[in-house]
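S.K.: Protein chains in written order, with UniProt numbering: chain A, 1 to 348; chain B, 1 to 348.
Since the hints were made in silico from the structure, they are not lab data. Since this is a predicted model, take the numbers as computed values, not measurements. Worth double-checking, as some hints may not be accurate.
Same chains, same names: a pair is fine if it fits in one copy or spans any two.
The calculated PhoX-like cross-link candidates involving lysine-lysine, where the alpha carbons are at most 20 Å apart (straight line), are [unchecked claim]:
hint	residue 1	residue 2
1	K252	K26
2	K306	K232
3	K156	K49
4	K31	K220
5	K29	K9
6	K306	K224
2 protein chains.
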Amino acid sequence: MIEDKNQNKTPLSELGEFGLIDHLTKGFKIKHASTIKGIGDDAAVLDFKNEQIVVTTDMLVEGVHFDLSYMPLKHLGYKAMVVNLSDVYAMNAQASQITVSIAVSNRFPLEALEALYSGIETAANMYDVDVVGGDTTTSTAGLIISITAIGYVNSKEVIYRDGAKPDDLLVVTGDLGAAYMGLQVLEREKEVFKVNPQNQPDLESYTYIIERQLKPEARKDIVKLLKDLDVKPTSMIDISDGLSSEIMHLCKHSNVGCDLYENKIPLDPQVISTCEEFNIDSTTVALNGGEDYELLFTVSQEDFTKIKANPNFSIIGFMKEKSAGMHLITRAETSIPLKAQGWNSFNS
Amino acid sequence: MIEDKNQNKTPLSELGEFGLIDHLTKGFKIKHASTIKGIGDDAAVLDFKNEQIVVTTDMLVEGVHFDLSYMPLKHLGYKAMVVNLSDVYAMNAQASQITVSIAVSNRFPLEALEALYSGIETAANMYDVDVVGGDTTTSTAGLIISITAIGYVNSKEVIYRDGAKPDDLLVVTGDLGAAYMGLQVLEREKEVFKVNPQNQPDLESYTYIIERQLKPEARKDIVKLLKDLDVKPTSMIDISDGLSSEIMHLCKHSNVGCDLYENKIPLDPQVISTCEEFNIDSTTVALNGGEDYELLFTVSQEDFTKIKANPNFSIIGFMKEKSAGMHLITRAETSIPLKAQGWNSFNS
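This is chain A alone, in the form it adopts within the complex (with noise of 0.2 Å):
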C-alpha cells in the first residue's frame, strides 16, 4: 500500500552468503570507541573498560509481528531496531552494539532486503550504536529478523524491575495507546485496499498515531533527562505489552502492590478520536494495547518536585504494599483489579 512497486528486482541468488552481508552492511560505519571488531570476524570485540554490559534480544516474524502489505521495509528495519534499543534503555543504560539475524525467502529481491537495511542504518546513526554482527539465511517462508542489542552502564546506575516500594510515584513517559490504533487504521484500510485497490486512502487525521505503529522511537531521550535532573527510578521496565501488564511485572518483581489512576493515564487526542470512531474504550487501549516503547518507572516520593511539572512524565499512581493487591480507580472512583488484559479484554 505505501512500498513503491516499480523497484528493480535483483534475485538473492546473484549474490552469495558473503556477497549479501558484504554489500548490506558496508555503508555502515564504527561510532563506538568500545567497538574493536565488528563484522568480519568469526565474532564481534568490545572493550568496555569498567562498565557493566547490557543484553537484551528480541525476535520478529511476518505474519505473527508484522504485516508487509502495510509496512514498509525500511520502517520494519527501524522499528525492530527500535524495540530492542527500548529494552536497553529501560534498564538505564547507554546502547552501543547489536547484531542482525535475518532469515529471507527467496520471494525477496535484493532490494527488499536493502530496504530493510536502510531502515536499520537509519536507526543506527539516529540511536548511536555500531552494527557489529549478523547472520543472514535463507527461510522456507516468510521474514524473520532476530535482533540483539548491547549497551553499557555504570553499576551504580543500572535499574531493576525488583526495587519499587510502597508509597513511590509510579510515573509513565509520553503517551500510551497510539501505536495499538494506528494499527486498527491500517488493518481497516487493509481491507478496503481488498475491496477496491482503486481507493485512495484519507489518513490525515489519522498521521499520529498511523507514525507510532509503523516508526515508533525507543526513549534514549528519558535516560539523559533522568540524569540530568538528578532521578534514579527505583524500578523501571519498557511498555511492550501494555500499560497494564508492565505495571503487573513491577509489583511481581518488586513485591508490591499498586493503584493506578484512570484519569491520569496520557493520551492523544487522535488516540481518543479514534477510539470513538472504532466504539473502543480508551483507557482499554492504553492498558492493553502494546507496543508504546515507552518507559515506565518508580521514583520515590522526595523525588516528586523533579518531576511533577516535567511534560514528558505523567505520574499515573503509587506503589501499596503487596497485600493491597493492584487496581484501577476508575474515573467513577471504583477500584477494578488490574488484569493482564485490563478489565474489559480484547476480543482481539
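Fit chain B to the known structure of chain A by using the hints.
M.R.: Using the frame of chain A, we list chain B on its own:
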C-alpha cells in the same frame, strides 16, 4: 525416526509467553561471576571487568539448516549452542553467556520445546555458559532458533582472521568431512524409511559420522591447549562451511596465499569408507562438506616444535605471498587453484 512418538502432548497455548519462558528456563543455573543479572528483566547485565568481550550470532532455520525427521530436538538444541560457541573459541576467547530466541509454530507441543531446551541446558553445562536471555514467539511456519553467544578474552590474547604471514604453518584440529558424510547416511535412511517404515536401519558402522552430524562439539579444549603449549596462532577461524572456504577467508583477510597438501588433510577411517560406499571423493568432502566445527589456524614456523607431535593438530600446509595464490597440492603433486567449492564441486 529417533524421536519418541509416545510422549504426552501439552499445547503451547496452555502457557502464556511469560509462563513458557519461566517454565523452560527454571532449571538453568547461573555459573559465572560475570553474570550479574540473567533472565527476568528487560536485559541481562554482565560485568567483565578489564576483559574484552566477543559477541557472535547465528540463526538456524528448519528445512534449511536441519530436518526434524532425523534430528532429535534435544540434539538440535545442543547443536545450535555448539555452532555459536565454536565462533567464540575461534577468537581464542572463553564463552560465558548465551541468549536463545525461538520462533515455533503451534504444531509443536510443550514437550517438544522441553526437549529442545534440555539440549540447550546440557550444552550450557558442558561448555560452562549461562543462558541469560531470550525470546519465545509464534512462527507461521517451522522452527527457527537464533542464538547470540558472548565470551571474554584478554586484549592481548584475541586472535583475528587477519594475522597470517607468508611461511606460517596452516594447522587444523581433529578430522574433517565426517559431519557431511553423516548427513548423507541420514538422508539415505530417510528415503528408505519413506519407502518402508518398518525397516530397522543398521547404523553401527556410521556411529562416528552420524554423531559428528547430530551432536558436534566445539573445540573449547583447543583454546586451553594452545595456552598450555604457549602457542598464540597468528590467525584463526572455525570450520563451519568447509576447509576450502575457511582457508580462503584467512588468506583474504590476511592478504596472503597458501599451499594446502591433500595428503595431509585429516580424515577419519569411517569418512574414507563411507565416501567409498557413496562413491564420493573424500578430499572434496573435507574441502567443502562443512559443519565440522574444528579450528583452523596459522602459527609461525618457530612454534613448529610445540605442535608437531600433538595428536590434536594436523599441519596441512603453509602460507605464501599473496601473489602466489591459493592452491591445493594433490597426491599426484599437481597444483590446483582452491575454490570455495573445491576443484570438483558438489551437485547438491
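S.K.: Each hint should be assessed against the structure and marked as holding or not.
M.R.: Taking the hints in turn, this is what the structure says about them:
1. With identical chains, the CA atoms of K252 and K26 are at most 20 Å apart between copies only, with a shortest distance of 17 Å across copies and 45 Å within one.
2. For a Cα distance limit of 20 Å, the shortest separation of K306 from K232 inside one copy, 11 Å, qualifies, whereas the shortest one across copies, 55 Å, does not.
3. Proximity of K156 and K49 under a CA criterion of 20 Å is satisfied in both settings, with 15 Å inside one chain copy and 15 Å between copies.
4. Taking the shortest Cα distances, K31 and K220 sit within 20 Å of each other inside one copy (17 Å), while across copies they are farther apart (32 Å).
5. When the C-alpha separation of K29 and K9 is checked against a cutoff of 20 Å, the pair qualifies neither within a copy, at 26 Å, nor between copies, at 49 Å.
6. Taking CA atoms no more than 20 Å apart as the test, K306 paired with K224 passes inside one copy only; the shortest distance there is 14 Å, against 54 Å between copies.
Violated hint: 5 only; the structure is consistent with all others.
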